[in-house]
Amino acid sequence: MKFLIYITFTAAVLTIVGCKNDVASVLLKGEPIDYSFTNVDLAEQLVDEGLVSQFSLISNNAGSKAKIEALYIGSQDQIKIDTVILYLHGNSPNMNDYWQLATNLANIGGQHNYGVMMFDYRGFGNSEGTSESIEDLIADAEACITWLKARGLSKERLVVYGYSLGAMPAAHLAADPSVLEIGKVVLDAPQTTSTKLLQDATGLSLSGSAVTSFEYNIPLVIEDYDNYLLWIHGTDDKTASFENFKYVYDRYDNPKKSSAELEGVGHSTAIDMGFPAYEKLMLNFIRQ
Amino acid sequence: MKRKFISSILFALLFCCSACNTTRVVKPLEKGETRIAVDLGGPVVGFPIPMSSISGAYGISEKLSVFGGFHATTLAYQSLQFDLGANYSFLETRKWQPGISGSLILNPIIDLRVGNSSIFPETSVNFYWQLRERHVPFVGITNWYDMAQGAVELEKGKLMHPALYFGYNYEGPKWIFGIEAKWLNFDKTLMIPQVEHTSVGGKGAAGVYFKVAYRIFKTE
Chain H
1 MKFLIYITFT AAVLTIVGCK NDVASVLLKG EPIDYSFTNV DLAEQLVDEG
51 LVSQFSLISN NAGSKAKIEA LYIGSQDQIK IDTVILYLHG NSPNMNDYWQ
101 LATNLANIGG QHNYGVMMFD YRGFGNSEGT SESIEDLIAD AEACITWLKA
151 RGLSKERLVV YGYSLGAMPA AHLAADPSVL EIGKVVLDAP QTTSTKLLQD
201 ATGLSLSGSA VTSFEYNIPL VIEDYDNYLL WIHGTDDKTA SFENFKYVYD
251 RYDNPKKSSA ELEGVGHSTA IDMGFPAYEK LMLNFIRQ
Chain B
1 MKRKFISSIL FALLFCCSAC NTTRVVKPLE KGETRIAVDL GGPVVGFPIP
51 MSSISGAYGI SEKLSVFGGF HATTLAYQSL QFDLGANYSF LETRKWQPGI
101 SGSLILNPII DLRVGNSSIF PETSVNFYWQ LRERHVPFVG ITNWYDMAQG
151 AVELEKGKLM HPALYFGYNY EGPKWIFGIE AKWLNFDKTL MIPQVEHTSV
201 GGKGAAGVYF KVAYRIFKTE
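Protein chains in written order, with this note's numbering: chain H, 1 to 288; chain B, 1 to 220.
Be aware that one or more of the hints could be misleading.
Unchecked claim - In silico SDA-like links for lysine to any residue, alpha-carbon gap of 20 Å or less:
id: 1; chain 1: B; residue 1: LYS203; chain 2: H; residue 2: THR235
id: 2; chain 1: H; residue 1: LYS257; chain 2: H; residue 2: PHE285
id: 3; chain 1: H; residue 1: LYS246; chain 2: B; residue 2: ALA86
id: 4; chain 1: B; residue 1: LYS203; chain 2: B; residue 2: GLY157
id: 5; chain 1: B; residue 1: LYS156; chain 2: H; residue 2: PHE242
What the hints assert, rightly or not - Here are the simulated distance ranges between beta carbons:
id: 6; chain 1: H; residue 1: GLY264; chain 2: B; residue 2: LEU164; range: 28 to 36 Å
id: 7; chain 1: B; residue 1: GLU155; chain 2: H; residue 2: GLU263; range: 15 to 23 Å
id: 8; chain 1: B; residue 1: ILE119; chain 2: H; residue 2: ASP236; range: 31 to 39 Å
id: 9; chain 1: H; residue 1: ASP236; chain 2: B; residue 2: GLU155; range: 56 to 64 Å
id: 10; chain 1: B; residue 1: LEU104; chain 2: H; residue 2: LYS238; range: 30 to 38 Å
id: 11; chain 1: B; residue 1: PRO137; chain 2: H; residue 2: LYS238; range: 31 to 39 Å
id: 12; chain 1: B; residue 1: ALA148; chain 2: H; residue 2: GLY264; range: 46 to 54 Å
id: 13; chain 1: H; residue 1: LYS280; chain 2: B; residue 2: LEU104; range: 58 to 66 Å
Just so you know, the hints here were simulated from the structure itself, not pulled from any lab data.
For each residue, glycine too, the CB sits at the ideal point set by N, CA and C.
Hey, can you work out the whole structure from these sequences and the hints?
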């Protein structure tokens, strides 16, 4: 009996101690890393390493400030005339995992044809702080847009590209921009809502708030976005449901929408479809 | 590895919302018997995740028992989940003939963040044997009913959320030790980002659960 009381007591203590846990606080967390952005780390689409710069920015979410790490691929002098792609990465721990994807974007249409900016959300990589809400992710992206705007970027040359996790802040940012209006947004392998994530796991009509205060709702916010939108998704995606976003896309009333629905492709869309097809897709979208 | 483990915890947590414990009462308690139990276990993601719940049961008569449980791990994530139910014996086991019992259960889940609440009725049927007095193997099927299925986003939800299970209880004079395997939501394909869970034919999720219970008998 003492054994049972001990177990019960331990469980109760653990529960009380952990009572402020949130799924977001454990899942939206990267790992510190020695950043490495060189051609040695690339399988294809090499870059001029002299045009790769890594630096820090201060992100401010309603007074909650964090120093975040960012990367720019391309000549910063060209920001005032180039098209720039702001890449919001997925839920891997840091930017190193997306280096190849970023250089692919930089070399669409020729080497360094586009400027590409990428960053680690707060709590990811060597960025300070913690990501606890969609507003944190949005603030970090806005810090990058502010940095780009200060170097001459105008709204017609900005493309915001959100991959997986990054599609959440990308969609929210596109619908309600505060620094620059966004004329083109790419949602690559997106989730739909925080509630749907929980419902797909349980099949039950539970609200996402049952496990997290991290709320996002892409179907809702993109109703307020009427510029160009490209949705990329593999039909065999086991991480973000193709069927869920297909449902959203089909009901999204925007004549400037387009999609690449990739048969047999999983969550790594850009890699799995191969660079030539990806390049063609992105060029068609950016040049329209 | 750490990240995968954390994702696995999330996975188990999500599943903890549905039938994530051993069957509270398989064979009816003796009249006047009180039982306190701790459950550990969860869906298998290479290993069974140790989710926990604490429960109690009481034998009102030889055929009717009542029980209730509380899910500690869910509370750790700011959702209060418990279960309240009654188990009735329809047929007693004799030699190789299985005993049959059924339970009616209510599973309330209260989200402590914003106050949302849900309640899921559940029914289950158990088939059990009692071998050499102390050995109780069993099989069964349980089903959660989602009465608010329309609240499932993007598509219509489903009313029925079944699970199959089989297990074994060692029922000593004071202590009960149990192990149970469950096939949760076996009629659905479930999706959790970044976690590969054990399913059968791509459907549902498999879980393994353990129970330790202590029996207290009313002295006449």
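Verification of the hints:
| no. | hint | result |
| --- | --- | --- |
| 1 | LYS203(B) to THR235(H) | holds (18 Å) |
| 2 | LYS257(H) to PHE285(H) | holds (10 Å) |
| 3 | LYS246(H) to ALA86(B) | violated (43 Å) |
| 4 | LYS203(B) to GLY157(B) | holds (17 Å) |
| 5 | LYS156(B) to PHE242(H) | holds (17 Å) |
| 6 | GLY264(H) to LEU164(B): 28 to 36 Å | holds (32 Å) |
| 7 | GLU155(B) to GLU263(H): 15 to 23 Å | holds (21 Å) |
| 8 | ILE119(B) to ASP236(H): 31 to 39 Å | holds (36 Å) |
| 9 | ASP236(H) to GLU155(B): 56 to 64 Å | violated (19 Å) |
| 10 | LEU104(B) to LYS238(H): 30 to 38 Å | holds (37 Å) |
| 11 | PRO137(B) to LYS238(H): 31 to 39 Å | holds (36 Å) |
| 12 | ALA148(B) to GLY264(H): 46 to 54 Å | violated (36 Å) |
| 13 | LYS280(H) to LEU104(B): 58 to 66 Å | holds (60 Å) |
Hint compliance for this structure: hints 3, 9 and 12 are not met, and every other hint is.
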